[in-house]
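J.: As a plain string of letters, each chain reads:
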Amino acid sequence: MQGMVVRDTRAWDSVIELQDVSKYFRRLKRGGLFHREYEQIHALSHVDLTVEKGEFVAYAGPNGAGKSTTFKLLCGMLAPNEGAARLFGTDPIKNRIPVMRRTGVLFGNRSELWWDQPVRASFDWKRVVWDIPRADYDARMARLTAEFRLDGFMDAFARELSLGQRMRANLALALLHGPELVLLDEPTLGLDVLAKRELIQSLKRVNREDGVTLLVTSHDMDDLRDMAQRLVLLHEGRVRYDGSFDGLLAHADKGDFEAIIARMYEAWQPEEA
Amino acid sequence: MGRIRQIFRLYAASAKLDWLLLSRDVRTGLIYIFSDWISAVSSVLGIALLAVRFEGIGQLNADEILWMLGFFTLADGFTTMMLGSCNWLWISRVVGRGQVDHMLIQPVPLWMQILTGGFLPFTGSSCFVTGVALTAVATARLSIAVTPGWLLLLALYTLCRMAVATGCSYLAGTAAFYRPAACEELSTVVLDAMNAAGKYPLAALPVWMQALFLTALPVGLLAYLPSLLMLGKLDAPAAYVWPVAMAAALLSASGMLFRKGLKHYARHGCPRYKSMGFRN
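Order-wise, the sequence lines are chains A and B.
The working numbering applies: residue 7 is where the first sequence begins, and numbers increase by one.
The working numbering applies: residue 0 is where the second sequence begins, and numbers increase by one.
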């Protein structure tokens, strides 16, 4: 039986699997000529997370909760100290290339657009690098141009775009190769109300119509509630809540959503001290 | 075959981006190219004038020195043309600025990204063109018989020069995986130092220093040794293999260290907690 791989149905449909994942970093506490003291930072502690195909998951938490570390683990940039991270049932470090073919990534405050080139050039470049067949490329470009209203600035330089236009172009670029999974780190950061609303509607359509699995981080809980079906709350590297938004509200005191989350963060604080 | 096709497609993509950069403002682009020509000639002019004044340096006469400087410029220009974009040649900048993440999300092997992503055939070819012109003039003055074999050897040593410079840059530059901000410009320092020293003929130096500059600090491989071999000044057949062997050794060592650095990044690569960490 050696070498035979047995997979259960759940694993078959799982796009993301984090099994008891911990990630530590070492931080210099005190430096000296002969003696240095380090402290261990627990970016993630024993995180278990499974995201099924087609889910739209909000991944929330305060600053330093471990959201970006999770994304880097999923993309194979970081290796877990303990546990296992899997994308599409495979190790993203060992199988980076096939995993990246099926994944779209957008990191917070970063752009995948060529800064000193027209927006169109970034899309053309991606077609070649991802080896997207011409017919697929044309069809997807038509769809994405309409969805994210790119036609007004496709020939403008990326550095000339407004924040909202840049985010729309970056999102369209992340979706260009038809990924099955999209990881978005704070896609609504800094956007005005109208731009946010448009972006959220587009993401919902991509999830609903194309079946794309989405894992999105944001500090804006109302935005996350608008777009996602499931909420995973992270605090100091631990998953504190995993379920529906309504479920969270049902178990919390009255108040608006932001206030409830803030109270939860505060309540978790002393436990960690 | 698929790999080769992919490499050519990626070269074409890089060339297209470079063409777009040049064509969006041709006037500025041409001024930039013209400045590069002047700069490339100026950087070797001092040594050329010294060689003319003293009727050569060491065992090389003035025209042979001109040939060596031409080869240096040609090979340096070729290196910049092939790897000049996106800081691929100055890898410590890519690592130190936390841009490895951009590499890792592309479904292309890293070596292929490095090989093809820096191609600048239009805005980055000025130094190469200047080098070709200088080498052609010196070749004519020396009445060298240009045969296909000679041209192949010239191409081989140009590739070796690129491999030596890239290997040294990557050997030093991988330190940026461990001390990102502190080592961000290490590749630049190494390449600048090599380029400053590499255009001088080593003939006037003691033998032990020549040996040092052909092995541990391989600046003599940038132009001096290949020139002696191309001009038939060395009667040692084994010496013809030395630039190739050193290039292969440096590339292998730098590839190994880069992979080790990447593993370190996967274990500790957090910008926030890294000692001497990534700049914002």
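Hints listed in this document are in silico derivations from the structure and should not be mistaken for laboratory results.
It should be emphasised that the depicted structure is a prediction, and the values quoted were computed from it without experimental measurement.
Be a bit skeptical, because a hint or two may be false.
[Said to hold, decoys possible] Here are the simulated lysine-lysine pairs, DSSO-like style, with alpha carbons at most 27 Å apart:
{"no.": "1", "chain 1": "A", "residue 1": "Lys100", "chain 2": "B", "residue 2": "Lys262"}
{"no.": "2", "chain 1": "A", "residue 1": "Lys35", "chain 2": "B", "residue 2": "Lys259"}
{"no.": "3", "chain 1": "A", "residue 1": "Lys35", "chain 2": "A", "residue 2": "Lys100"}
{"no.": "4", "chain 1": "A", "residue 1": "Lys210", "chain 2": "A", "residue 2": "Lys100"}
{"no.": "5", "chain 1": "A", "residue 1": "Lys100", "chain 2": "B", "residue 2": "Lys232"}
{"no.": "6", "chain 1": "A", "residue 1": "Lys35", "chain 2": "B", "residue 2": "Lys15"}
[Said to hold, decoys possible] Derived Cβ-Cβ restraints for the label pairs, each shown as a range:
{"no.": "7", "chain 1": "B", "residue 1": "Arg258", "chain 2": "A", "residue 2": "Gln46", "range": "25 to 31 Å"}
{"no.": "8", "chain 1": "B", "residue 1": "Ile30", "chain 2": "A", "residue 2": "Glu166", "range": "39 to 45 Å"}
{"no.": "9", "chain 1": "A", "residue 1": "Asp248", "chain 2": "B", "residue 2": "Arg266", "range": "42 to 48 Å"}
{"no.": "10", "chain 1": "A", "residue 1": "Thr96", "chain 2": "B", "residue 2": "Trp207", "range": "32 to 38 Å"}
{"no.": "11", "chain 1": "B", "residue 1": "Ser251", "chain 2": "A", "residue 2": "Ala273", "range": "53 to 59 Å"}
{"no.": "12", "chain 1": "B", "residue 1": "Thr27", "chain 2": "A", "residue 2": "Arg155", "range": "28 to 34 Å"}
{"no.": "13", "chain 1": "B", "residue 1": "Ser251", "chain 2": "A", "residue 2": "Arg269", "range": "57 to 63 Å"}
{"no.": "14", "chain 1": "B", "residue 1": "Arg258", "chain 2": "A", "residue 2": "Asp248", "range": "35 to 41 Å"}
{"no.": "15", "chain 1": "B", "residue 1": "Arg266", "chain 2": "A", "residue 2": "Met160", "range": "39 to 45 Å"}
{"no.": "16", "chain 1": "B", "residue 1": "Arg2", "chain 2": "A", "residue 2": "Asp248", "range": "15 to 21 Å"}
{"no.": "17", "chain 1": "A", "residue 1": "Ala273", "chain 2": "B", "residue 2": "Arg266", "range": "21 to 27 Å"}
A virtual CB, placed ideally from N, CA and C, is assigned to each residue, including glycine.
J.: Determine for every hint whether it applies to the structure shown.
T.: Status of the hints after comparison with the structure:
1. A:Lys100 / B:Lys262: Holds - the C-alpha atoms of Lys262 (chain B) and Lys100 (chain A) are around 12 Å apart, at most 27 Å.
2. A:Lys35 / B:Lys259: holds (26 Å)
3. A:Lys35 / A:Lys100: Measuring from Cα to Cα gives roughly 33 Å; hence the hint is violated.
4. A:Lys210 / A:Lys100: violated (31 Å)
5. A:Lys100 / B:Lys232: violated (50 Å)
6. A:Lys35 / B:Lys15: Distance ~48 Å between Lys35 (chain A) and Lys15 (chain B) Cα, so the pair is violated.
7. B:Arg258 / A:Gln46: 25 to 31 Å: holds (26 Å)
8. B:Ile30 / A:Glu166: 39 to 45 Å: violated (23 Å)
9. A:Asp248 / B:Arg266: 42 to 48 Å: For Arg266 (chain B) against Asp248 (chain A), whose Cβ atoms are near 27 Å apart, the range 42 to 48 Å is violated.
10. A:Thr96 / B:Trp207: 32 to 38 Å: Since the Cβ atoms of Thr96 (chain A) and Trp207 (chain B) sit about 54 Å apart, the hinted range of 32 to 38 Å is violated.
11. B:Ser251 / A:Ala273: 53 to 59 Å: holds (56 Å)
12. B:Thr27 / A:Arg155: 28 to 34 Å: Given range 28 to 34 Å: holds, Cβ gap about 32 Å.
13. B:Ser251 / A:Arg269: 57 to 63 Å: holds (58 Å)
14. B:Arg258 / A:Asp248: 35 to 41 Å: holds (37 Å)
15. B:Arg266 / A:Met160: 39 to 45 Å: holds (41 Å)
16. B:Arg2 / A:Asp248: 15 to 21 Å: Since the Cβ atoms of Arg2 (chain B) and Asp248 (chain A) sit about 43 Å apart, the hinted range of 15 to 21 Å is violated.
17. A:Ala273 / B:Arg266: 21 to 27 Å: violated (33 Å)
Comparing the model with each numbered hint stated earlier shows that hints 3, 4, 5, 6, 8, 9, 10, 16 and 17 do not hold.
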